[in-house]
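Given the coordinates of chain A, work out where chain B should sit on it, guided by the hints.
There are 2 protein chains.
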Amino acid sequence: MSNPAPFNPPVRSLMGPGPSNCAPSVLQSLSKPMLGHLDPEFVRMMEEIKSMQRAVMQTKNLMTFPVSGTGSAGMEFCLVNLLEPGDEVIIGVNGVFGGRMCDLAERCGAKVTKVSSDWGRIIEPQQIADALKQTPKPKLVAVVHAETSTGALTPVEEVSKLVREAGALFLIDTVTSLAGCPVKIDEWGVDAVYSGTQKCLSCPPGLAPVSLSERALKVATSRRTKVQSWYLDVNLLAGYWGEERVYHHTAPISMNYALHEALRLVLEEGLEARFARHRENHLALKAALDVMKLKIMSQEGHQLWQLNAVQVPEGVDEAGVRKQLLTQYGIEVGAGLGPMKGKIWRVGLMGATSTRDNVVKFVQAFGDILNAGGYTCDTKAAVAAAK
Amino acid sequence: MSNPAPFNPPVRSLMGPGPSNCAPSVLQSLSKPMLGHLDPEFVRMMEEIKSMQRAVMQTKNLMTFPVSGTGSAGMEFCLVNLLEPGDEVIIGVNGVFGGRMCDLAERCGAKVTKVSSDWGRIIEPQQIADALKQTPKPKLVAVVHAETSTGALTPVEEVSKLVREAGALFLIDTVTSLAGCPVKIDEWGVDAVYSGTQKCLSCPPGLAPVSLSERALKVATSRRTKVQSWYLDVNLLAGYWGEERVYHHTAPISMNYALHEALRLVLEEGLEARFARHRENHLALKAALDVMKLKIMSQEGHQLWQLNAVQVPEGVDEAGVRKQLLTQYGIEVGAGLGPMKGKIWRVGLMGATSTRDNVVKFVQAFGDILNAGGYTCDTKAAVAAAK
Numbered sequence: 062m063s064n065p066a067p068f069n070p071p072v073r074s075l076m077g078p079g080p081s082n083c084a085p086s087v088l089q090s091l092s093k094p095m096l097g098h099l100d101p102e103f104v105r106m107m108e109e110i111k112s113m114q115r116a117v118m119q120t121k122n123l124m125t126f127p128v129s130g131t132g133s134a135g136m137e138f139c140l141v142n143l144l145e146p147g148d149e150v151i152i153g154v155n156g157v158f159g160g161r162m163c164d165l166a167e168r169c170g171a172k173v174t175k176v177s178s179d180w181g182r183i184i185e186p187q188q189i190a191d192a193l194k195q196t197p198k199p200k201l202v203a204v205v206h207a208e209t210s211t212g213a214l215t216p217v218e219e220v221s222k223l224v225r226e227a228g229a230l231f232l233i234d235t236v237t238s239l240a241g242c243p244v245k246i247d248e249w250g251v252d253a254v255y256s257g258t259q260k261c262l263s264c265p266p267g268l269a270p271v272s273l274s275e276r277a278l279k280v281a282t283s284r285r286t287k288v289q290s291w292y293l294d295v296n297l298l299a300g301y302w303g304e305e306r307v308y309h310h311t312a313p314i315s316m317n318y319a320l321h322e323a324l325r326l327v328l329e330e331g332l333e334a335r336f337a338r339h340r341e342n343h344l345a346l347k348a349a350l351d352v353m354k355l356k357i358m359s360q361e362g363h364q365l366w367q368l369n370a371v372q373v374p375e376g377v378d379e380a381g382v383r384k385q386l387l388t389q390y391g392i393e394v395g396a397g398l399g400p401m402k403g404k405i406w407r408v409g410l411m412g413a414t415s416t417r418d419n420v421v422k423f424v425q426a427f428g429d430i431l432n433a434g435g436y437t438c439d440t441k442a443a444v445a446a447a448k
Numbered sequence: 062m063s064n065p066a067p068f069n070p071p072v073r074s075l076m077g078p079g080p081s082n083c084a085p086s087v088l089q090s091l092s093k094p095m096l097g098h099l100d101p102e103f104v105r106m107m108e109e110i111k112s113m114q115r116a117v118m119q120t121k122n123l124m125t126f127p128v129s130g131t132g133s134a135g136m137e138f139c140l141v142n143l144l145e146p147g148d149e150v151i152i153g154v155n156g157v158f159g160g161r162m163c164d165l166a167e168r169c170g171a172k173v174t175k176v177s178s179d180w181g182r183i184i185e186p187q188q189i190a191d192a193l194k195q196t197p198k199p200k201l202v203a204v205v206h207a208e209t210s211t212g213a214l215t216p217v218e219e220v221s222k223l224v225r226e227a228g229a230l231f232l233i234d235t236v237t238s239l240a241g242c243p244v245k246i247d248e249w250g251v252d253a254v255y256s257g258t259q260k261c262l263s264c265p266p267g268l269a270p271v272s273l274s275e276r277a278l279k280v281a282t283s284r285r286t287k288v289q290s291w292y293l294d295v296n297l298l299a300g301y302w303g304e305e306r307v308y309h310h311t312a313p314i315s316m317n318y319a320l321h322e323a324l325r326l327v328l329e330e331g332l333e334a335r336f337a338r339h340r341e342n343h344l345a346l347k348a349a350l351d352v353m354k355l356k357i358m359s360q361e362g363h364q365l366w367q368l369n370a371v372q373v374p375e376g377v378d379e380a381g382v383r384k385q386l387l388t389q390y391g392i393e394v395g396a397g398l399g400p401m402k403g404k405i406w407r408v409g410l411m412g413a414t415s416t417r418d419n420v421v422k423f424v425q426a427f428g429d430i431l432n433a434g435g436y437t438c439d440t441k442a443a444v445a446a447a448k
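First to last, the sequence lines map onto chains A and B.
Sequential numbering of the first sequence, starting at 62, is according to the working numbering.
Sequential numbering of the second sequence, starting at 62, is according to the working numbering.
For reference, chain A alone in the conformation it holds in the complex:
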């Protein structure tokens, strides 16, 4: 075998479901010199990450840190630490990620009650209220805040009240919501939360910011059985991310540099300004889609700003359009997953990718491709609407 050449990735506009584009200073931070995972300077930086992550998650939870894996490792972290065999859980399923939580909870030996909505719709608080009548004393209730597979934003604050009244722990998936729209862990009474770095934080994938409330932590530290994962056991991780600094595993040093810089940029912009930017660019895209007579498939009134699931019109080649966007315009958008395959394009406007320039660039390219493929729309008017 001859040795491959150095890899030089093309420059893309990453307008899919993540990863999003990273700010230049985030990419540059990755190249900084390596440090040991117990180096006093690295430890100092870990404290800054924890503190900034708390600010972005709007929580005072001490157990707030990035798990050394991608968002799904964050999901697994929450479930394996909180669940034991025989526990009853209620999980909202309105897309891929609710389904994944059910799979994972079952691997923990839990008895899962699924609360399902059609893909694209939210989990209605009333559905959780009904489920709580059937399973009045669950240990945990979990919902996906922002479903990346459909672009629907479930009103978790309303669900939280019901869960509290039932005395259960409340877990939410904020992989796509965090740093793109309000996520208020303490105000909403959330006990466990996980996210990913590669969405609205605009950091490369590889870490999963998580947070556990004191109540959740108490459950995790007073289990009957050992956590089934060693890598994700919070009882062990607390020794490294806490004050003792006991070696557990070797933290991904460079990825933590990147998260530090990405969190810094979020706070520098300010949460409210960042949310407003995400909202405005979503509205600009939506205005253009209206002109093009294209629809967002997720429930009106609950559409995500950072992920737009655009319905593929009758007769249009979904994969062909995606391929042309990528190869001719350097724009990546996402395909539909599961039952949405071939039915939607997922257009992400996350973090650094959420700019008016990107919206306009996308609308122009998208309109041109659709018209060339036989779907007639007024690209010029759509671009004007987006500006």
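What the hints contain is simulated information worked out from the structure, not anything from laboratory work.
Note that the coordinates shown come from a computational prediction; the quantities given were computed from them, not determined experimentally.
Treat the hints with care, since some could be wrong.
The list treats identical chains as one, so a pair stands whether inside a single copy or across any two.
Listed next, the in silico BS3-like pairs over lysine-lysine satisfying Cα-Cα at most 25 Å (straight line) [unchecked claim]:
1) 198 <-> 402
2) 93 <-> 422
3) 279 <-> 121
4) 222 <-> 422
5) 384 <-> 93
For chain B alone, coordinates are given in the frame of chain A:
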């Protein structure tokens, strides 16, 4: 809270148990533009990683790829996929990492037979032979090839024959050995192997190169029970790293860039040349230690080239020496773990860190610090011996 300043890590000579220093081109690769995890260019690069990883592991195993976590996630990947509740396993324990495997295997519900050696000593093949008499039909036998906590290299090839005869699967930990000394997965008849990126591969921590033989893969794909980890389930991971490219989790893109470049550099240097370099620099360090009347604690004849466990002489302040090395000379060495705490310094010569210049620089600094602290040794002669 005021926003922290950008983080600028100091430049260190990383001569501990890992992470090691990275080559400049590896660090630069991390800053390259982000790509989607299903981008055709990224997928092409994944194939190159798999192919290069096979070359470095000296295997033809198709299921050879990097797990999206650090070395310990690689350990967990192997054990959760191969073990089911009630399975019998034999694990060699001669340091921290054998102990960690026992903990993990127990979390999988396995019945663990520990084969223990004193820390610093190897697992003797005869010990495995004896254990096989007590537990004649184990599902799996596992040993640590290179114990990072003690610097001992167990002769796994000899163990392998015994394991084969017993019809068990053979698992080895090559976190510290891979790319620093011979690791011959196919020739040695190893069924499952995991490693880390931050040791002799000189890539940042964050990925765990793993490989499963066809035999091991068959065990993992024909289980009675689901794998207890979703994140590490090879039945799901195979869909992404195999030919289907089904979305599982979002791969850590930048970390894969770095691994691609690190593997490239290993193959460019050549395995034999790389091993020789590690050996020579170890011998240079050992010659200097001899002059200084300092001993390596691991078993003579089985001492690792890449990690040297130097015994702390009577009356010398172990932590104080380490701190001075770091703060005055920018040299990181490791402390002893568990029962070795305060008794050894772990001096790593891994990957890009393994240079004669680093050996000399370390010997000079170390000798100066020891002499200032009351341990008399001939630093000048030691440096001469190292050159």
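Structure-based check of each hint:
Taking the shortest Cα distances, residue 198 and residue 402 never come within 25 Å of each other, neither inside one copy (37 Å) nor across copies (47 Å). Taking the shortest alpha-carbon separations for residue 93 and residue 422, only the inter-copy value of 22 Å comes in at or below 25 Å, while the best intra-copy value is 33 Å. In this assembly of identical chains, residue 279 and residue 121 lie within 25 Å of each other by CA distance solely inside one copy; the values are 16 Å within and 47 Å between copies. Taking the closest pair of Cα atoms, residue 222 and residue 422 never come within 25 Å of each other, the shortest separation being 42 Å inside a single copy and 62 Å across copies.
Taking the closest pair of Cα atoms, residue 384 and residue 93 come within 25 Å of each other only across two copies (22 Å); inside a single copy the shortest separation is 35 Å, beyond that limit.
Hints 1, 4 from the list above are not met by this structure, while the remaining hints are.
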